[in-house]
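In this text, residue positions in the sequence shown follow our numbering: the first is 19, and each later residue adds one.
The hints are simulated quantities; they were obtained by calculation from the structure and are not laboratory data.
All C-beta atoms, glycine included, are put in the ideal place defined by N, C-alpha and C.
It is possible that some hints are incorrect.
To be verified - Pairwise CB distance ranges (calculated): (1) S81 to P34: 29 to 39 Å; (2) I20 to V95: 35 to 45 Å; (3) T39 to F96: 29 to 39 Å; (4) M78 to M30: 36 to 46 Å; (5) H97 to T39: 31 to 41 Å; (6) F84 to C46: 16 to 26 Å; (7) K19 to H80: 22 to 32 Å; (8) P34 to H97: 46 to 56 Å; (9) E93 to E35: 44 to 54 Å.
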Amino acid sequence: KIPICSRCQTIMYPGPEKSITNHRRGVCADGVRSKPKPKSESEELPPWLQPQGIFSGGKMFHSQAFLKTVKQIYERVFH
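Take these sequences, add in the hints, and give me the full structure.
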């Protein structure tokens, strides 16, 4: 079975051992921990790597939700 990050849904180790293309242990590409620290098991992980509703199951991309989110961000920033 191929190891996949439960948070960002990417393949953990696509490259050879110690390759920079591999997923860091316990930390996603955006720097957020993929697992809580042992002393803070009750701490909730942030609900993002991407805005909610744009991807589902780590495989399905919802273009309408993406475009709606981009429009909302644009309106907040430029209006």
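Hints and how they fare:
The beta-carbon spacing between S81 and P34, approximately 35 Å, falls within the hinted interval of 29 to 39 Å. Range check, I20 to V95: Cβ separation about 38 Å, and the 35 to 45 Å hint holds. Between T39 and F96 the beta carbons are some 36 Å apart, a value that agrees with the proposed interval 29 to 39 Å. Between M78 and M30, the C-beta spacing of about 20 Å breaks the proposed range 36 to 46 Å.
Taken as a hint, the range 31 to 41 Å holds for the pair H97 and T39, whose Cβ atoms sit roughly 40 Å apart. For F84 and C46, the hinted distance range of 16 to 26 Å is satisfied, since their beta carbons lie about 20 Å from each other. Take K19 and H80: their Cβ atoms lie about 27 Å apart, and the range 22 to 32 Å holds. Between P34 and H97 the Cβ separation comes to about 48 Å, which falls inside the hinted range of 46 to 56 Å.
At about 46 Å, the CB distance of E93 to E35 agrees with the hint of 44 to 54 Å.
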